[in-house]
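The chain contents come next:
There are 2 protein chains.
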Amino acid sequence: MNVKDYMQQTGKAARKASRELARADTAQKNRALLAMADAILRDQSKLLDANAQDMEAARKAGLEPALLERLALTEKTIVGMAEGLRQIAALPDPVGEVSEMAYRPSGIQLGKMRVPLGVVGIIYEARPNVTADAAGLCLKSGNAALLRGGSEAFHSNQAIAACVHEGLRAAGLPAEAVQVLATTDRAAVGELITMPQYVDVIVPRGGKGLIARISAEARVPVIKHLDGNCHVYIDDTASPDKAFDIALNAKTHRYGTCNTMETLLVHTAFAEFILPRLAEAYWEKDVELRGCERTRAILGDKVRPASDEDWASEYLAPILAIKVVKDLDEAIEHINHWGSHHTDAIVSEDYGRTRRFLREVDSASVMVNASTRFADGFEYGLGAEIGISTDKIHARGPVGLTGLTSQKWIVLGDGQIRS
Amino acid sequence: MNVKDYMQQTGKAARKASRELARADTAQKNRALLAMADAILRDQSKLLDANAQDMEAARKAGLEPALLERLALTEKTIVGMAEGLRQIAALPDPVGEVSEMAYRPSGIQLGKMRVPLGVVGIIYEARPNVTADAAGLCLKSGNAALLRGGSEAFHSNQAIAACVHEGLRAAGLPAEAVQVLATTDRAAVGELITMPQYVDVIVPRGGKGLIARISAEARVPVIKHLDGNCHVYIDDTASPDKAFDIALNAKTHRYGTCNTMETLLVHTAFAEFILPRLAEAYWEKDVELRGCERTRAILGDKVRPASDEDWASEYLAPILAIKVVKDLDEAIEHINHWGSHHTDAIVSEDYGRTRRFLREVDSASVMVNASTRFADGFEYGLGAEIGISTDKIHARGPVGLTGLTSQKWIVLGDGQIRS
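Residue numbers (the UniProt record's numbering), protein chains in the order written: chain A, 1 to 419; chain B, 1 to 419.
Bear in mind the hints are in silico, worked out from the structure with no lab data behind them. Don't take every hint at face value.
One copy or two, it doesn't matter: identical chains are merged, so the pair holds either way.
Calculated pairs, DSSO-like style, for lysine-lysine (alpha carbon to alpha carbon, straight line, at most 27 angstroms) [what the hints assert, rightly or not]:
| hint | residue 1 | residue 2 |
| --- | --- | --- |
| 1 | Lys-112 | Lys-16 |
| 2 | Lys-12 | Lys-46 |
| 3 | Lys-46 | Lys-16 |
| 4 | Lys-60 | Lys-208 |
| 5 | Lys-208 | Lys-12 |
Chain A with its partners taken away, still in its complex shape (with noise of 0.2 angstroms):
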């Protein structure tokens, strides 16, 4: 069979399954999840056996360390899998939740009830973790999930698909509710993002390019995360001690997270007070300064000067921009501009001004007086993320569960009639 026809035919299966799915109730689809759990943990050799001929062939071909660590399957990571899936099955079940019912004058009763999407299409690099995940996620929130995976990842990914479809089946769901594409031809995503009638959203995870070209090619919904470039302000009415320990937490916690901060701002009043103490702590980090002039007035010249280029950056690194501002506009200004409208958080102890920063900021997550690195599912209380968004419309920041529903209207009448 050719990819087009192949996809054609996942992709009707995937909507079939959808309704299936959509009615299916929070205690059978628990059970699908607990069962997938128990048979990760039972076919733990076998999970392993299939990752080892994927690493093989990877090292083989020259896989980049750091691609090779996400590829790994270990002890650990299948319990974590097993794990995670029990903990989707924890989570309350969003579907059919119904809110804001109300009498019109007409006499009808409206409301919403929250509903699956219908077919998620995740894309995703080969880290074969992601499609027990994915699985679940998709599952608890009612979605048929048609999931692709990176190629290296290939004898791992169909492994861990035999446990979701058992699992599926002791609880008397179709198999066809999560579908682990069986190819690794690179023509099956360009089909995946362009079946407008059989995937009603694409999550892309993975690298930018990726991402990018994911977005610009799908004729599909897509609920992507470009830039983490995340900004601190601290403003010259901020307690110096939640200063000091936000922006350095915001940098230093993590380097290679998307709720990283990548540029440090600071109200002109307060730079001479604050940086020099902050500059001393980030070095014996060893994080590299890049700075403005005056940042450089006040560091000195082992700040290197900071170019568009650093504003517009997400190191993913320890590496730092500072700017000094002159007011709390030039911050917003800044971050609004040169920001990825991820996360960005002020700190200070004026009202007015953490008010304005909080509405003006346009960005997924705005906080006061707490470190970027927050902006996370976890964190968040949503139990588990299937992303972070950087869109505006549908969702925005950490996407859980909820972000993989929508809400109908429903309206219960007497016999209502237009008039």
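Knowing the structure of chain A, use the given hints to seat chain B on it.
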């Protein structure tokens, strides 16, 4: 200036204005709306002159009567435009609404704030009243608007734009908050829908062909309305009077609206009882009936055989397809397969069946014992609507002010860092 440069400049100005609008307070936005309404009433004769110019050119170009009717401004429609703006001013401002604030175990307080989308591009046919309406809805929801109306309405739209700008200026808001494209070049649309850096969402209003083309070519999220192929299913547990009233109202209240019923489904055990009575009423109103075999066996040869094409059709005309189904399952299956996920209703007194219908029918509006004609922004209490969405993500069904906003996460802390 070429079209590309013109659109880039327009987009850039819109993005800039959107920042100002996002922080404009409610009173300021309302002042602008009321000043627009005043200017429109005062400039009535200017608007009529501009419209006369458009009408003359359109008549010469041989525009169809239905399109000429939409293009025409009258004293009444001008008063209607002003009234519409005043109604929008009277609606609650959705921007800034904070909800779900709650403490997390880390000590941060997390919630959501409703915020404008940013810049909304609206593409519509030659209906000048849409210019005022769209400008008002975007303004109230804090969005900058890029409006591209049908070229036949060029002079009318520019005259309305002058009133809109006067209103904006009167309230101290930038005129670029609402830009009515000053070009009839078709290439402008192609630019408008491919500037994600300047435009956050596109709302196309018009014929199916236009909307399908824009959806296919856009590089920006689209809130769209495709078909309105709506169903009423009469269960064998239906109250006969409710069934009769609703089935008649849903089809005959208005023929050309998207929430009009196009296919009637009847439970086989109820068909012989209700169909003759209903057919009589439809025929009295000159509604053409097309039916399945069973329907024709009951109603006779006056009913044309219905084909698959009929099940898929949005007639927008006095034509109705009728199918007798064996049970609720077949009804839901038919609706989900052939329908357009717009609005569908069940007439039934059975608790379990109405519950299943509400949950399992995958449409933007799902109704029990009410006419599909209620699926409408005004009936739903949205005050006004920018359109009705048949999409599943972001906004489903009637889209009012809230549909032109999204929610960002806000975090209030006291110096929390992540450990």
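Verification of the hints:
1. Lys-112 / Lys-16: Within one copy only: 24 angstroms inside, 35 angstroms across.
2. Lys-12 / Lys-46: neither (30 angstroms within a copy, 56 angstroms between copies)
3. Lys-46 / Lys-16: Classified as neither; 30 angstroms inside a copy, 57 angstroms across copies.
4. Lys-60 / Lys-208: Cα proximity of Lys-60 and Lys-208: one copy only (26 angstroms, versus 52 angstroms across).
5. Lys-208 / Lys-12: between (30 angstroms within a copy, 24 angstroms between copies)
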